[in-house]
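K.L.:
Everything in the sequence shown is counted per this note's numbering, starting at 1373 for the first residue and increasing by one.
Just so you know, the hints here were simulated from the structure itself, not pulled from any lab data. Be aware that one or more of the hints could be misleading.
[Stated by the list, open to error] DEER-style ranges, computed between Cβ atoms:
hint	residue 1	residue 2	range
1	LYS1526	GLU1394	11 to 21 Å
2	GLU1472	GLY1524	31 to 41 Å
3	LYS1565	SER1450	49 to 59 Å
4	THR1609	ASP1377	43 to 53 Å
5	LEU1431	SER1754	32 to 42 Å
6	HIS1668	ALA1546	19 to 29 Å
7	GLY1524	ASP1820	50 to 60 Å
8	ALA1829	GLU1507	44 to 54 Å
9	ASP1730	ARG1461	38 to 48 Å
10	ALA1521	PRO1830	46 to 56 Å
11	PRO1433	GLU1827	47 to 57 Å
12	ALA1521	ASP1820	17 to 27 Å
Where a beta carbon is used, it is the ideal one built from N, C-alpha and C, also for glycine.
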Amino acid sequence: MQLQDALKTIGEASYRLKKFGELSSIGSYDMTATAPKGAAKRRAELLSFVRAESRKTLLAPETLDAVETLAAHESELSPEMKGELRLYRRRIDAVTGLPETLLQRQSALKSATEQLWIENKYTGDYAGVKAGMKEMIELQKEADSILAARPGGKTPAHPLDPVIDGTDPSMTVAKLEPLFDEIRSRTVPLLQKIAGTGWQPDRSFTKGGYDTGVQRELALKLLAAVGYNPRYGVVGTGEHPCTYGVNRYDVRFTDHFYPDDLLQGTISAMHEGGHGMYEQNVSEDYLDLLIGGGSHGGMHESSSRFWENMVGRSEAFWDYAAPLFKEAFPGRLREIPARDFFLAVNRVQPSLVRIYADELTYNLHIMMRFEIEKMLFDGSLSADDLEDAWNEKSRAYLGIVPEKPWEGWAQDMHWPAGMFGYFQSYTIGTLNAAQIGAAVKKALPDFDGLVRAGEFAPIRAWLAEHWYRHGMLWDNDTLLQKITGEPLSAGYLCDYLEEKFSAIYGV
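With the hints as constraints, model all of the structure from the sequences given.
P.N.:
As structure tokens, then:
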């Protein structure tokens, strides 16, 4: 195949693959937020069908020939086509040699088990969820064995490595463990000092009796202020907050507001809005290319954690946001100082539920999930015994043990949805967010002043120019290097946490 013919073929294939991806995102959002419960089986079948059709395009002889031609002419390709080639290679490598029946079973099982979790999370009936998880793990191991047995394939150093790589390319158990060790070694002593003070910020004003509709309107107002464009976005209601990026013109997410917790829905909205702003600011030139979306895994979580933590948990943000809350709930909040909002949202206290965790203990939640995933995949733990293993890890990492499974192993949608090897992305994203935050503050020295004044446009513009617009043009490591001028380091996060919480607690 000639180069020009290959470029045309790849352009057509990318268009089809993007459309299949958009259909899959729409279907996933619909299943979570709007579809009737009785439609779950048919919706799972639909998503499985769409993904199968996508694979047909990916593995079509003409697509494979075109990829081979591009590879032979790689030095002649534009940066965009080099990015496309990288993603095609990765996608093709992930499924070549795998039986279509296995892939379809994986897809259908993920959708069906997630739906079982949604329906049974609070009933205590987890037999179907656990059975689905066990089968998903076995199917993943079967797929990994087939891939390792191909010519040029190799057995991973740890059975969890392939699923981690599926989310965070080139990341492994061996690379993650030193990062976790450094975070643990610097945060645990700080946690001990904080516990020794015997003091905690007052959060009583955030509890009880807050209309969820008013909370939602407040969150939407804050999202619009920071830069999430409601013309190209929808905020639905779901059991677990989650973002579904269809394309830059259609970015949906779910959130959950609670009458007995004034701040949690807003913090979740800032997190999911961070995902959304990433997608909404990818270059329009990439709309029908594989590179035309936010980078996966830890790099996408970097945007959500930046807006949630670097902005949404800052004192400057609450100087801006507190008056809006006081206006919305004057009877309860009129006399509450802005600093009390800041202190309340940064109270350090072990939490059973990850999405409610403070910045300092959050990564401990990720570490315990990482430890459990390692055991699930090396065969030393069965999904049937998750509750006991979870309780043991929760006691060791957090010093507390859940009484109910939905506050323990069943709290997250990830495992029932087949998203094994994803949780480390939150810590990678948190590390990246601190490192990128340092770069933004260096470029915009009045960062806090801008946030305090509600002038978020310069911050968003800097991120769009140096980060968002590039989509998946480069791999995550290269992108972080280009944004910050440095490779990933745990030091920025640890320094940030020590400075912030030492000041709050006077330690």
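K.L.:
Are the hints correct? Go through all of them and say.
P.N.:
Right, here's what the structure says about each hint:
no., hint, in the structure
1, LYS1526 x GLU1394: 11 to 21 Å, "violated, 34 Å"
2, GLU1472 x GLY1524: 31 to 41 Å, "violated, 22 Å"
3, LYS1565 x SER1450: 49 to 59 Å, "holds, 53 Å"
4, THR1609 x ASP1377: 43 to 53 Å, "holds, 48 Å"
5, LEU1431 x SER1754: 32 to 42 Å, "holds, 34 Å"
6, HIS1668 x ALA1546: 19 to 29 Å, "holds, 21 Å"
7, GLY1524 x ASP1820: 50 to 60 Å, "holds, 51 Å"
8, ALA1829 x GLU1507: 44 to 54 Å, "holds, 48 Å"
9, ASP1730 x ARG1461: 38 to 48 Å, "holds, 41 Å"
10, ALA1521 x PRO1830: 46 to 56 Å, "holds, 53 Å"
11, PRO1433 x GLU1827: 47 to 57 Å, "holds, 54 Å"
12, ALA1521 x ASP1820: 17 to 27 Å, "violated, 55 Å"
Checked against the numbered hints given earlier, the structure breaks hints 1, 2, 12 and satisfies all the rest.
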